[in-house]
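Colleague: Build the complex from these two chains, which are given one at a time in their own frames, with help from the hints.
Protein chains in written order, with the working numbering: chain A, 1 to 409; chain B, 410 to 514.
Calculated directly from the structure, the hints in this document are not laboratory data.
Straight-line Cα separation of at most 35 Å, DSBU-like style, residue types lysine-lysine; simulated pairs: (1) A:K55 - B:K484; (2) B:K484 - A:K383; (3) B:K437 - A:K56; (4) A:K311 - A:K268; (5) B:K498 - A:K69; (6) A:K167 - B:K437; (7) B:K437 - A:K383; (8) B:K437 - A:K402; (9) A:K143 - A:K121; (10) A:K31 - A:K69; (11) A:K55 - B:K498; (12) B:K508 - A:K383; (13) A:K387 - B:K498; (14) A:K405 - B:K512.
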Amino acid sequence: MKNNIIILGGGQAGIYAAREIRQNDSKSNIKILGEENLLPYERPPLSKDFLLDKKKAEDLYFHSSDVLKNENIEFENISINKVDFENKKLFAKNDNVYSYDSLLISTGSENKKLTLDNNLKNDIYYLRNLEEAKKIKEIVSNKNKITIIGGGFIGLEIASSLSQLQKKVIVIEIGNQLMGRIIPKQIADLVQNTHIEHGNEIILNKQIEKITKKNDDYEILLNDNSLIETDFIIAGIGSTPTVKLFENTNLKLDNGIVTNQFCETSIKDVYAAGDVSNFYHPFYERNMRLESYQHAQNHGICAGKNIAGVKTEYTSIPWMWSDQFNLNLQLTGICDEYDEIIERGNDINNGVIYFFLKNNKIRGACGVGIIGKVGRDIRITSKLTEKDTIVDKQILSDQNLKLNKLIQK
Amino acid sequence: MSEENWIEVGSTDSIEEEDLIRFDHQDKTFCVYKLTDGFYATDGICTHEAVHLEDGLVMDDEIECPMHQGIFNIKSGEALSPPACEDLKTYPVKVDNDKIFIKID
Ligand SMILES: Cc1cc2nc3c(=O)[nH]c(=O)nc-3n(C[C@H](O)[C@H](O)[C@H](O)COP(=O)(O)OP(=O)(O)OC[C@H]3O[C@@H](n4cnc5c(N)ncnc54)[C@H](O)[C@@H]3O)c2cc1C
Ligand code: FES
Numbered sequence: 001m002k003n004n005i006i007i008l009g010g011g012q013a014g015i016y017a018a019r020e021i022r023q024n025d026s027k028s029n030i031k032i033l034g035e036e037n038l039l040p041y042e043r044p045p046l047s048k049d050f051l052l053d054k055k056k057a058e059d060l061y062f063h064s065s066d067v068l069k070n071e072n073i074e075f076e077n078i079s080i081n082k083v084d085f086e087n088k089k090l091f092a093k094n095d096n097v098y099s100y101d102s103l104l105i106s107t108g109s110e111n112k113k114l115t116l117d118n119n120l121k122n123d124i125y126y127l128r129n130l131e132e133a134k135k136i137k138e139i140v141s142n143k144n145k146i147t148i149i150g151g152g153f154i155g156l157e158i159a160s161s162l163s164q165l166q167k168k169v170i171v172i173e174i175g176n177q178l179m180g181r182i183i184p185k186q187i188a189d190l191v192q193n194t195h196i197e198h199g200n201e202i203i204l205n206k207q208i209e210k211i212t213k214k215n216d217d218y219e220i221l222l223n224d225n226s227l228i229e230t231d232f233i234i235a236g237i238g239s240t241p242t243v244k245l246f247e248n249t250n251l252k253l254d255n256g257i258v259t260n261q262f263c264e265t266s267i268k269d270v271y272a273a274g275d276v277s278n279f280y281h282p283f284y285e286r287n288m289r290l291e292s293y294q295h296a297q298n299h300g301i302c303a304g305k306n307i308a309g310v311k312t313e314y315t316s317i318p319w320m321w322s323d324q325f326n327l328n329l330q331l332t333g334i335c336d337e338y339d340e341i342i343e344r345g346n347d348i349n350n351g352v353i354y355f356f357l358k359n360n361k362i363r364g365a366c367g368v369g370i371i372g373k374v375g376r377d378i379r380i381t382s383k384l385t386e387k388d389t390i391v392d393k394q395i396l397s398d399q400n401l402k403l404n405k406l407i408q409k
Numbered sequence: 410m411s412e413e414n415w416i417e418v419g420s421t422d423s424i425e426e427e428d429l430i431r432f433d434h435q436d437k438t439f440c441v442y443k444l445t446d447g448f449y450a451t452d453g454i455c456t457h458e459a460v461h462l463e464d465g466l467v468m469d470d471e472i473e474c475p476m477h478q479g480i481f482n483i484k485s486g487e488a489l490s491p492p493a494c495e496d497l498k499t500y501p502v503k504v505d506n507d508k509i510f511i512k513i514d
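This is chain B alone, in the form it adopts within the complex (with noise of 0.2 Å):
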């Protein structure tokens, strides 16, 4: 795992506790949310069709998609409700100097 894989993503205030923010990088898109307990990423194009997460609701650990209501575990990706059934990629995050970065690979 090579050092410049991480990629900042703004800073620690940017994001509000229970909430998210999109990430563009390349030609993808990202998801990185503030919980409780921390900072977590994940893809930002919902599995069941392609829509951008980041219009989403989060719910303790589980965010909601706005298009059909497929919900996903934020931590570990896992397709929790129907119509979404394929598990959201998720990305490691730390915080380094009140800056956020995740790792992509």
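With the rest of the complex left out, here is chain A (with noise of 0.2 Å):
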């Protein structure tokens, strides 16, 4: 049968998506919606290469438009603003209206924006495109001291390029450690250390109070009274799912698109997949959402499938990675439910892992080094615990032993 497939969100999740669903249909019209006037594109570089000038815009496409082209999956470049699910259509704002048989919908994540009291809106920079990206990499050229509002992952990684840019950086941080309770306090003072020793300036444990302009520069002050000057500010505080538009209608909404194993939504013939839905994981047992490269891709391809008409779970052990100076982050699993924590290595040269286990079993773990010295290990971890594996325990906490010695038992 011949159907209209729209996916709205022209980023990884619905890219991988549209490809999956001809791969497995080639009959049926493929459209994506997306309100960012390029093909979809890789965004992890943003931070870290395109700043760096190591990657140009053109090397971050996923696929050229001749691949679409071939695949006869059709992208249009528009911004949707309203949706009428029981009539199965669309509305954009220039009033096209397009109507669908089934709906991806894969809007991925926005920035949460600082609530500032003045008028300095247009003076805060976030990054999560590539039109941000492009200007955050102009201006910085002519600015020397610069000041990063949040330590998570995306905030680090600036701080990382622009210090690297020979920049003078500030990083200022509400909590009492970088990158969240989630990441273990051991592992956040290890890349702090990094930090520092590129000659970042590291605050932790401070609220912004005020910010104000003064002629071109600003001045920041922290609820200890202390004012930071600096010449330009970006903030990494934090993103949301991008679900305004379905606010008033009945899609369930839980800190994202609930969706369930099978990328299904609350209402039939609605998919949701990637950084806006908060999906059933049948290995966890539990709903999540995550903003992560690998399961954009993965999520989108399950989508893909059951959109298709190919009844397919998503089973995906969630993997994400960071890469600050010359350290690779990575954590697989969920780190938040445990009853046990092991540790493996402590020398960041060597890499050093922590893994999360509830009855002897592995179900998550986060590990950084020296780029290259963690992959293998969380590697065969994602592995384990899939494999739901009961552990050897010494293995695990031993450097000096090979980790595959528990996949081959």
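Modeller: Here is the structure:
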């Protein structure tokens, strides 16, 4: 049967879904509606190699327009501002109307904004898309002392890149450690030390009271009355799923669009994938929302299969990375449900990993090390997690013993 | 193809099965693998970003990059999984008297 399939949101989950649908369904119309006037592209380099000029905008696209043309996938640059689920229609600002038989929502997430009481809104920069990355790159070339508000992954990656561009960087974090409580404090401290060694200033446990503009510069007043002078401010204070469009509809929302393990939402023929969805994970037997490259890709593929009628459960073990200076940090599984923590290694040069276990089985792990040093072990950990293996803790804790011994058993 | 392009890497028992070793020659780095059906060689650096594949995971016929889990087929060099999208160069391998040689062009 020939269906009209619409993918709302032309990011990573959207493009992977589109191509997967085409793999399984040669007839249906597939149309991606994306508000960025760009084919789907990778976001991870925006805070890293793009700022460092090691990658250009044209290096970031997942696929060329030829690939889309060959697979008969249409991409339209349009912003949707109203949905009518009952009549299966989407409405754009310019009065265009799009009818669908099946809809995938892959609208991603958006940056939280600082609440500022004066009109400094246009003075604070955020990073989510290529346009913002270009702007930041252009402006920082004339700035010297840059303040990053928020010590999460994106803020720290920007801090690392700007430091490599010889800028003086200050990071202000409200919590008592970097990267949030999900990351073991010891790992956060190792990353913090690396930033400090490279000359970045890290301020923890401080809140912004007030930002004042002084000519072309700014003064940031912290809650301990200290003042920071800076000539450019970037905020990375977390993100929220892009769901405003659905707030007054009967689509079930709860920290994103609630989906089951088949990427199905509460409304028939409407699916969601990627950053925007709060999906049920059958292995962990709970819902979760992830913002990661691997998840956007795999979840998009899974949604694509289900839309094309190939019923497929989403069972991927979560995985994400962050690159800062010469460090590569990786997270797998979930690290907030455990009865035991096991540490492997203590030297960042050889890699340090914390495993989170429950009933002698790994639920998740977080590791950091000089580039290349934790990836293999983290990958093996994902496999051990997925297989629900009861692990030999001696092997986990001893860096001289190879983890793949556990997998072969 | 001249004989001298065959470079000795080491003895066949220097690599465990389903594993790899790094081999540096002049200013280049290679990875030499022992798979169930023999020895193979590829460039030693991921095509995505400059990270050594020696720290990656070998599974069946694939090498997975330790940095972002890009995956390559060891025999063909084909990039199988993003963020890796550029293929990895492969090199001919021969075994002579329990010694492994790779042919570098
Ligand atoms: C700076 C940065 C660095 C990152 N680094 C890493 C990293 O190192 N490792 C990692 O694992 N992950 C990283 N991520 C996360 C990863 O990139 C995201 O999880 C992934 O892009 C999510 O894909 P998605 O398809 O769900 O959403 P997105 O890629 O965000 O795509 C959503 C698209 O939908 C569009 N859209 C939204 N609403 C509408 C509408 N109403 N009409 C039309 N279009 C609409 C948006 O404009 C956007 O183009 C990073 C993200 C950012 C921003
Ligand atoms: S460096 Fe190998 S996949 Fe990125």
